[in-house]
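> Build the full structure now, drawing on both the sequences and the hints.
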Amino acid sequence: MRLSAFRRLSVLLAAAVLLPVAPAPARALTPGTEAPAPVAQPEASPETAELAPLASVRPYHGHVPRRRDLGLRGSWRARASLGGSEDNRTTAVELPLSLTYGFGDGAEISLDAPLRLRDRAQGVGGYSGDLRLAAGLPITEQWTLRPSVRVGVSGPLAPGTGRRTVSGRVVSSVAWPVTPGLRLTLGTTGEAFDSARLGKRGDGVVDFTLRNRLGLTLDTGVDVFGGDLDATAAFTDMRRLDAGGLTRRDRIDLGLSGGGRLKLGASASLAREAETAEAGIRARLFTRF
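Numbering-wise, the sequence shown is residues -28 to -1, 1 to 261 according to mature numbering (1 follows the signal peptide of the UniProt record, and there is no 0).
Since the hints were made in silico from the structure, they are not lab data.
Don't take each hint at face value.
Unchecked claim - In silico lysine to any residue, SDA-like type, Cα no more than 20 Å apart, as pairs: (1) Lys172 <-> Gly124; (2) Lys172 <-> Gly127; (3) Lys172 <-> Arg135; (4) Lys172 <-> Arg136; (5) Lys172 <-> Val123; (6) Lys172 <-> Ser126; (7) Lys172 <-> Ser100; (8) Lys172 <-> Ser139; (9) Lys172 <-> Thr137; (10) Lys172 <-> Ala215; (11) Lys172 <-> Pro131; (12) Lys172 <-> Asp102; (13) Lys172 <-> Pro128; (14) Lys172 <-> Val125; (15) Lys172 <-> Gly134; (16) Lys172 <-> Thr133; (17) Lys172 <-> Val138.
Unchecked claim - The following label-pair restraints were derived from C-beta to C-beta distances: (18) Leu129 <-> Arg49: 17 to 27 Å; (19) Asp214 <-> Ser53: 17 to 27 Å; (20) Leu234 <-> Leu89: 20 to 30 Å.
Idealized CB from N, CA, C, for every residue including glycine.
What follows is the structure, given as structure tokens:
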């Protein structure tokens, strides 16, 4: 199959910047033989994809269907300094809405519009909402690129000044089957943010983040609401560059997710940034139609 000029350019750029390990080249077919039929694979769980975006990627095999997701996600996290002088607990509720259109060659385009409310034990709660447009480009069966752009607003629930955010992101993810039912994923995410107060000009702040994630996903073989139950473990190393300098954040995620048209998932995480530690739990229930 001949690649378009755009896809060839995407391959070259990603191989030079994003791909940690190049995938093995596909074997050439012997003349007179036919390519093997695609192997049916279950869909990646959006719950796992949200909690561990690069740890739940399944190799592409065939058509990506059109789908619409609507659900409810809740989370709780506690953040404290390692010296014990700070304790800040946050509870959040999110209404995620996602629309995805799949093309015949495995490419897809998606539109996400989540709305969130946050309540803090210390301090004022807040709100946020954004609109993200993303494209999924399967370069090979194991390697996928996902560029996206996002526009969002956030602010305190009490009277105050909100902020607007514009960002661009590129995710490169590679998935390898280790054994039947077990896959290893490795990915890199680069993102740039431009944030400023609403109604203000000239006070914008640009931040950059780089995430490297290593994960294992196991198909447990357990049926949940007509779909497989997946168990995921992942480690994420994140570097952030902003006006305050360079910071590092490490996080470990453990999660379960599964289902058919009705899906559910839960996860626990532990993170550390400088002299601060954070623990959290998340749960999600949504339907696909």
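> Could you run down the list of hints and mark each one as holding or not?
Status of each hint after checking the structure:
At most 20 Å may separate the alpha-carbon atoms for a hinted pair to count; Lys172 and Gly124 meet this at roughly 15 Å. In summary, the hint linking Lys172 to Gly127 is supported, as the alpha carbons are separated by about 14 Å, within the 20 Å threshold. For the proposed pair Lys172 and Arg135, the alpha carbon gap of about 9 Å is at most 20 Å, so the pair holds. Restraint check for Lys172 and Arg136: satisfied, since their Cα atoms lie roughly 10 Å apart, inside the 20 Å limit.
Among the hinted pairs, Lys172 with Val123 is consistent with the structure: their alpha-carbon atoms are about 16 Å apart, no more than 20 Å. For a cut-off of 20 Å, the pair hint linking Lys172 to Ser126 stands: about 14 Å separates their Cα positions. As the CA atoms of Lys172 and Ser100 are separated by approximately 18 Å, the hinted pair is consistent with the 20 Å bound. Note on Lys172 and Ser139: the hinted pairing holds, with a Cα-Cα distance of about 18 Å set against a maximum of 20 Å.
With a C-alpha separation of about 13 Å, the suggested pairing of Lys172 with Thr137 holds against the 20 Å cut-off. Between the alpha carbons of Lys172 and Ala215 the distance comes to roughly 18 Å, so the proposed pair stays at or under 20 Å and holds. Restraint check for Lys172 and Pro131: the C-alpha separation of about 17 Å stays at or below 20 Å, so the hint holds. Restraint check: the Cα-Cα separation between Lys172 and Asp102 comes to about 19 Å, which is no more than 20 Å; the hinted pair holds.
Distance check on the hinted pair: Lys172 and Pro128 sit about 17 Å apart at the alpha-carbon level, within 20 Å; holds. Using a Cα cut-off of 20 Å, the hinted pair Lys172 and Val125 holds, with the two alpha carbons roughly 13 Å apart. At roughly 10 Å between alpha-carbon atoms, Lys172 and Gly134 fall within 20 Å of each other, so this suggested pair holds. Straight-line distance between C-alpha atoms of Lys172 and Thr133 comes to about 10 Å, which keeps the hinted pair within the 20 Å bound.
At most 20 Å may separate the alpha-carbon atoms for a hinted pair to count; Lys172 and Val138 meet this at roughly 14 Å. For the pair Leu129 and Arg49, the beta carbons lie near 18 Å from each other, so the given range of 17 to 27 Å is met. The supplied range of 17 to 27 Å is met by Asp214 and Ser53, whose beta-carbon atoms lie about 20 Å from each other. Taking 20 to 30 Å as the suggested C-beta distance range, the pair Leu234 and Leu89 conforms, at roughly 24 Å.
Of the hints listed earlier, there is not a single one the structure fails to meet.
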